[in-house]
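Colleague: Chain by chain, the residues:
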Amino acid sequence: MTSSEIEAKVRAVLGTVLDRPITEAASSEAGLWDSLDWINILFGLEEAFAIEFGENDGLDNLLDIDGLVAAVERRLGASN
Amino acid sequence: MHDGPAESSVARAGWQSAVFAAEPSRLAVLALQPAWPLRPLPISVHRNTGVEIFTAPLAKFLTYAGFSAEFDIGDYDDSLSFASATDPALDLIWVDVARYAMPTADFSQWLTGRLAARRQAHTKPIVVGLLDRDTKSAAYLETALAEATRTLGGISICEVSRVVGELGPSFRSERTGAVTASPMSNRAAMEIARLLGFEWLPSVLLPRIKAIAVDLDGTLYRGVLGEDGPTEVAMTADFALVQERIRSYGAAGVLLVLTSKNTSADVDRLFELRSDFVLRLSDFADTQIGWTDKATSIQRAAERLRIAPDAFLLVDDNIGEIAAVAAAIPGINVLFAGDPVETARALALYPGLAGYGATQADQVRAKDLAVALTGVRPKTDDSSGTDYLRSLGVRVSLVEHPIDQIGRVHELSIKTNQFNTALARFSEAEVARRLSASDCRVFAVALKDRLSDSGVIAAIQTRIDGLELVVDEIAISCRALGRGLEDSIISAALVRSARDLGATRIRLVVRDGPRNEPARDWAATLSADRLADGSLPLAVFEARLARFRDLVDIVWTESGA
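Taken in order, these protein sequences are the chains called A and B. Taking our numbering, the leading residue of the first sequence gets 120, the next gets one more, and so forth. Taking our numbering, the leading residue of the second sequence gets 100, the next gets one more, and so forth.
Worth flagging that the hints you see were computed from the coordinates, not collected in a lab. Here a beta-carbon is modelled for each residue, glycine too, at the ideal position from N, C-alpha and C. Watch out, some of these pointers could steer you wrong.
[Stated by the list, open to error] Here are the simulated lysine to any residue pairs, SDA-like style, with alpha carbons at most 25 Å apart:
| # | chain 1 | residue 1 | chain 2 | residue 2 |
| --- | --- | --- | --- | --- |
| 1 | A | K128 | B | V278 |
| 2 | B | K360 | B | P306 |
| 3 | A | K128 | B | S116 |
[To be verified] Taking CB as the label site, the calculated pair distances span:
| # | chain 1 | residue 1 | chain 2 | residue 2 | range |
| --- | --- | --- | --- | --- | --- |
| 4 | B | T242 | A | N175 | 40 to 48 Å |
| 5 | A | L137 | B | A364 | 55 to 63 Å |
| 6 | B | L305 | A | E124 | 38 to 46 Å |
| 7 | B | G419 | A | N175 | 52 to 60 Å |
Sequences and hints are given; from them, build the entire structure.
Modeller: What follows is the structure, encoded as structure tokens:
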């Protein structure tokens with residue numbers, strides 16, 4: 120899966136959880152989600168990519184889409 | 100923007116694969132969008148552990164059940180101080196038992212005290228979920244709390260231990276606990292959300308579905324009877340499970356109706372020949388076989404069974420039939436039976452069906468109805484039907500202070516529409532309060548005759564106001580009507596109440612409703628006896644009661660006897 124495919128899928132997950140379309144322009148925008156959304160984003164990403172985040176994924180510091188994409192890429196790389 | 104009922108039924112069918120999946124996906128559930136009217140449901144959440152892990156999917160499951168949930172989530176509070184001052188439709192109390200360093204029995208006692216305190220604040224339903232690492236002590240706690248809080252009324256303890264037992268080690272996840280503040284895994288959270296949304300909350304908010312109307316071809320077996328013939332339609336393990344689920348609801352007191360566009364001879368032959376079917380024709384309280392449209396068939400069945408058409412669940416593999424019935428019968432429940440595996444799962448989870456248990460009242464209703472439908476006990480509107488009454492050998496048993504029947508008294512108040520004088524719709528908690536109030540009297544009335552035992556069929560609630568006995572509600576099940584017994588039931592309760600409380604006059608609270616004409620007609624028979632202030636002398640009811648002295652056996656029993 121390419122980076123752009125991963126990003127598109129991450130934005131689709133965010134769109135489902137936040138109930139609105141998430142454009143490419145929002146990739147580095149912070150504050151898109153709150154703590155309640157975050158739980159659903161975390162589990163949504165795990166479902167969508169068939170991965171499991173762990174304590175070392177720095178989940179507390181993921182504040183924007185770019186950060187999410189990087190975390191998914193790392194986790195997919197670790198799974199392969 | 101909402102679609103009409105036909106379109107809404109199709110839209111709800113579109114939700115089925117997500118909400119009834121074997122392991123529901125959080126993303127698939129969160130992606131669902133409703134297209135039907137919803138009732139607001141403000142829920143006040145009191146907790147000492149994370150609930151945010153399941154509130155978003157719970158909202159979607161409640162949407163399928165017809166609600167728009169709004170959560171007011173309190174702070175983490177081990178003391179359960181209930182500090183928030185909201186006016187919820189219900190309380191959800193969610194507790195991680197592991198946070199308390201006390202023996203199980205002490206915790207049970209403490210939590211019972213907290214629930215009693217919360218019960219003082221309002222009379223809305225309270226639903227409690229307990230997370231406990233030890234499945235055995237969790238099950239013990241759930242049972243102990245259910246018993247300890249029974250007399251408080253309207254407190255429901257979720258069987259979370261059942262989910263813990265089913266999921267085993269996959270219930271918990273330490274991995275995500277730091278983010279979710281909950282020991283539950285995603286999978287556990289989705290199961291809990293589904294059970295809360297389909298079973299634990301709807302069972303305290305919705306009346307139970309009274310009847311299941313089930314189609315034949317493609318729903319109970321694979322194939323078409325009229326084309327394949329009775330021996331060639333296929334009974335698979337999946338369809339057998341569908342039939343077993345329906346049969347078990349029938350055994351629990353839900354009325355079963357077979358509705359099929361076939362010929363009666365073909366259907367009779369089918370059930371004669373197919374010993375591999377789980378369902379038998381005798382399991383059905385009514386059959387509507389023929390070429391009439393399904394909506395008319397259901398309405399005919401409803402009339403025969405003396406229940407409202409919207410108290411049905413239609414199970415059918417034809418989405419067009421489902422849409423047509425939904426359009427013709429507002430509020431009817433529908434389940435698209437497109438896939439037997441999904442249908443079997445949906446039947447186990449369906450809001451309004453799941454989680455009510457096999458109540459004795461429902462089972463008694465089904466048996467009583469079977470007698471009524473045979474015509475052995477004819478109705479009478481003959482005012483001189485004394486011989487008829489005597490021949491029936493009727494026994495009316497009045498239970499004063501029916502502490503064991505809080506649920507049934509509440510059910511009668513909210514479900515009876517025809518013979519209900521005040522339409523007060525008392526909650527369980529309100530009934531419990533009235534039972535403990537010294538100025539109130541509550542009666543549950545059971546009815547038996549030589550043909551059958553109808554169980555508890557009436558609830559009467561009164562209170563004293565000076566020298567007047569105020570009759571806050573008389574609710575009599577329509578199953579008990581048609582035998583001319585209303586006067587005996589009501590007069591016995593009111594005379595006893597008035598004498599007990601020192602009343603000399605009786606005042607009926609009567610409200611106009613769209614369907615309570617029988618109750619209003621009965622009240623009108625007292626018009627000539629009313630005093631100038633609208634009250635009725637006690638002597639009126641004493642005289643009415645006397646008329647039944649030799650015709651009906653009226654007995655008084657203590658609660659629990």
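Colleague: If a hint holds in the structure, say so; if it does not, say that too.
Modeller: Going through the hints against the structure:
A distance of roughly 22 Å separates the Cα atoms of A:K128 and B:V278; the hinted pair therefore holds under the 25 Å criterion. A C-alpha spacing of about 29 Å is found between B:K360 and B:P306, which places the hinted pair above 25 Å, so the restraint is violated. Pair hint A:K128 plus B:S116 holds up; C-alpha atoms about 22 Å apart against a cutoff of 25 Å. The hint said 40 to 48 Å for the Cβ distance between B:T242 and A:N175, and at roughly 42 Å that hint holds.
Checked against the given bound of 55 to 63 Å, the beta carbons of A:L137 and B:A364, roughly 59 Å apart, stay inside it. About 44 Å separates the C-beta atoms of B:L305 and A:E124, a value consistent with the hinted range of 38 to 46 Å. Between B:G419 and A:N175 the Cβ separation comes to about 54 Å, which falls inside the hinted range of 52 to 60 Å.
Of the numbered hints stated above, the single one contradicted by the structure is hint 2.
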